[in-house]
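Respectively, the protein sequence lines represent chains A and B. Residue numbering for the first sequence follows the UniProt record's numbering, beginning at 1 and increasing consecutively. Residue numbering for the second sequence follows the UniProt record's numbering, beginning at 1 and increasing consecutively.
Take these hints with a grain of salt, some might be off.
Each pair may be met inside one copy or between any two copies, as identical chains are not told apart.
[To be verified] No more than 20 Å apart at the CA atoms, straight line, and that leaves these computed lysine to aspartate or glutamate pairs for EDC-like:
id, residue 1, residue 2
1, K285, D140
2, K278, D52
3, K118, D95
4, K118, E91
5, K118, D93
6, K75, E228
7, K75, D110
8, K186, E321
9, K207, E64
10, K278, E64
11, K75, D265
12, K311, D280
13, K75, D319
14, K186, E38
Everything labelled a hint here was simulated from the structure, so no lab data went into it.
Protein chains: 2
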Amino acid sequence: MKVLITGGAGFLGQRLARELLARRELKGTDGQRQPITELVLLDVVAAPGPDDARVRIEVGDIAERSVLERLIDEKTSAIFHLAAIVSGQAESDFDLGMRINLDASRLLLDVCRMRGHKPRVVFTSSVAVYGGELPEVVLDDTALNPQSSYGAQKAGAELLLNDYSRRGFVDGRVLRLPTISVRPGKPNAAASSFASGIIREPLTGEKAVCPVNGATRLWLLSPRKAIECLVAGCEIDAAAFGNRRTVNLPGVSVSVDEMIAALRDVAGDAVAARIEWKADERVEKIVGSWPAQWDTSRAQRLGFAGDASFKDIVRAFIDDELGGTIPA
Amino acid sequence: MKVLITGGAGFLGQRLARELLARRELKGTDGQRQPITELVLLDVVAAPGPDDARVRIEVGDIAERSVLERLIDEKTSAIFHLAAIVSGQAESDFDLGMRINLDASRLLLDVCRMRGHKPRVVFTSSVAVYGGELPEVVLDDTALNPQSSYGAQKAGAELLLNDYSRRGFVDGRVLRLPTISVRPGKPNAAASSFASGIIREPLTGEKAVCPVNGATRLWLLSPRKAIECLVAGCEIDAAAFGNRRTVNLPGVSVSVDEMIAALRDVAGDAVAARIEWKADERVEKIVGSWPAQWDTSRAQRLGFAGDASFKDIVRAFIDDELGGTIPA
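All chains, full assembly: derive it from the sequences and hints.
This is the structure:
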């Protein structure tokens, strides 16, 4: 079977690729576990790896129909659609956000529909689909009320995937990811970028700026658990989802102060002291509109598992990205 | 000011046009009540009227950008977007439903955005955005879970209107209409057609077939009140909507038995006796899945009013469509 990862050069795409290559097989179209013979990594830049005979690196614009028609065929049994314009950029460049977050998602579904073989399609979505006045605890069936263009575009893509699945054009699943922390690499344009930066930078000897106040609550998932959830999301039987293909993944609800306390516990005072506070109203407004507490019992019943604590998340980052030790 | 009605040849579009012409003025772009100098009725067929110097009848495909660019300019202060592909057809012709219910709605918003004057835009939506397991009483913030392509497309258009409004591209409002009863004219293929037919046909001397059992509950709004709600929906100050531009309009929750009792009270035994019962499993299944009870306190706070009772709805039909008397 062939597997396609869009956003394959990104950090989640790269980790997912390595995980799939290590697993060697996956459930796809027919629900039977099959060997992965080809893993296509599509992105606007060439994916740096992994170096493996099964990997095919493709550069292209996912909003171009011809690109998707070239890369999705009847052997493409599973598609992980991770490509996205992040929240900050979708807010500053409305057209680009619409083109990638909504139009490209629809195009992908349409090309699958045209092929007619009903591949498993995993979309990632976001807590940004929620907003406005929210209940104390957010459920899978709490109403969507996005307060950002990114959230509106993701919510629109969710609706499409659900309807294309209901009609039998694809066998789709949408996973609403908590904010991923700790991301490796550089800060990015996402409003939530600091949720990784305030841990990652201090651990690698650099200063970090926290743009929100310490009481701000976040809903977090480690990259490690996110990858496990993506694979599980592809392999779960369609019937288990009932009439709702969208699921809120389990996260850890934690305040910024608690995150820093966990960093201090794991890495010491000197590391935690590298965080500076500088309020950014724009970031506070976007992040403050996201819910911080969730009932994810449905996700758990479906077999998804998150992290046990934020300390575990910090330790997982040190293990996975820093080789198990904190640089002096 | 100019006003545009899409679906202007339809039954609601025609009634709305007559109402606006009679009112002579409307709040639009700047929130000030202004005289209506031009009322554009766009549809795929020529609207039959009204015969008034202010009316401009236009035939065109609403999914064509050039049509909307021709009809929406900086003087277009208010737009009522009623054009839609109905549920049955959107299910049988997926591409047509997507094109009209989703793409044309987006195009309309985009042309407004390009013009830059932030017109008031009123979208109509539907109870079909709900589905699956529903609470006993449906609220404005009950989660959407459409189980039809029509519902998914309407829900997608709702999301777009909300985001375009949040960004200041338009001043939009979405009204989710209850089932409209009593519609004039002929029965149609809609599952809810009987909700008008079992009143309209007996009142005009014809037999009607009721395809569902008498305990089936419906959520109804008269054409008269629907038109009042459309006008109110345009005129309410944007700030009153808060961060949610979508509102469930108030309806009357009534069983089929209660509908027939009201008909008997208003028009007598002989009229009510023209209803025959013939169960239609397909219709019963569809109608039985619709929520029948709603909390519409938000709509009421916003100033929307429904009908006081189903008897009022029957009397309104006799007044508006039968000239105030029941044919012998």
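Hints the structure violates: just list their numbers, smallest first. 1, 2, 6, 9, 10, 11, 12, 13, 14
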